Amino acid sequence: MYARDNESGANALQEQPAADRVNAAVDAFRMLSDATRLRLMWLLSHGEYDVGSLAETIAVARPLVSQHLAKLRLAGLVHTRRDGRRVVYRARDAHVRALIAEALFHADHEVTGTPRHD
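Counted the way the numbering used here counts, the sequence shown spans residues 1 to 118.
What the hints contain is simulated information worked out from the structure, not anything from laboratory work. Quick caveat: nothing in here was measured; it's all calculated off a predicted structure. You may find that some hints are simply not true.
[Stated by the list, open to error] Ranges of calculated distance between the beta carbons of each label pair, as one might list FRET restraints:
hint, residue 1, residue 2, range
1, Gln67, Val26, 14 to 24 Å
2, Pro115, Gly84, 45 to 55 Å
3, Thr114, Gly84, 39 to 49 Å
Glycine included, every Cβ here is placed at the ideal spot set by N, Cα and C.
Turn these sequences into a full structure, and let the hints steer you where they fit.
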């Protein structure tokens with residue numbers, strides 16, 4: 001499809017997201033491109049966990065989980081809160097949860113050969 005064939009009448013520049021939005025999305029995808037971080041985000045999309053629970057659940061050493069969580073927090077993908085002496089983590093918001101779910105639903109189609117849908 002050529003830009004001039006666009007039925008909406010808007011030019012291609014109007015339809016493109018701003019560079020800062022694209023960069024923020026790229027940063028988020030970069031953080032999620034690690035298997036351990038994606039597993040962590042899947043769990044955090046479904047509830048709150050502390051570092052020890054996450055490490056045990058995905059069978060990864062606590063220090064490594066802590067390092068991944070720090071990166072995810074800096075990227076704005078996770079939120080923390082104190083629960084006594086523990087710090088609990090969860091996915092930042094509904095957008096992040098939806099992003100994780102959709103990425104893995106897409107993977108289901110790739111892995112299982114399930115027909116695609118709109």
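Okay, the hints, checked on the actual structure:
1. Gln67 <-> Val26: 14 to 24 Å: holds, 21 Å
2. Pro115 <-> Gly84: 45 to 55 Å: For Gly84 against Pro115, whose Cβ atoms are near 48 Å apart, the range 45 to 55 Å holds.
3. Thr114 <-> Gly84: 39 to 49 Å: holds, 44 Å
Violation of the numbered hints given earlier is absent; every hint is satisfied by the structure.
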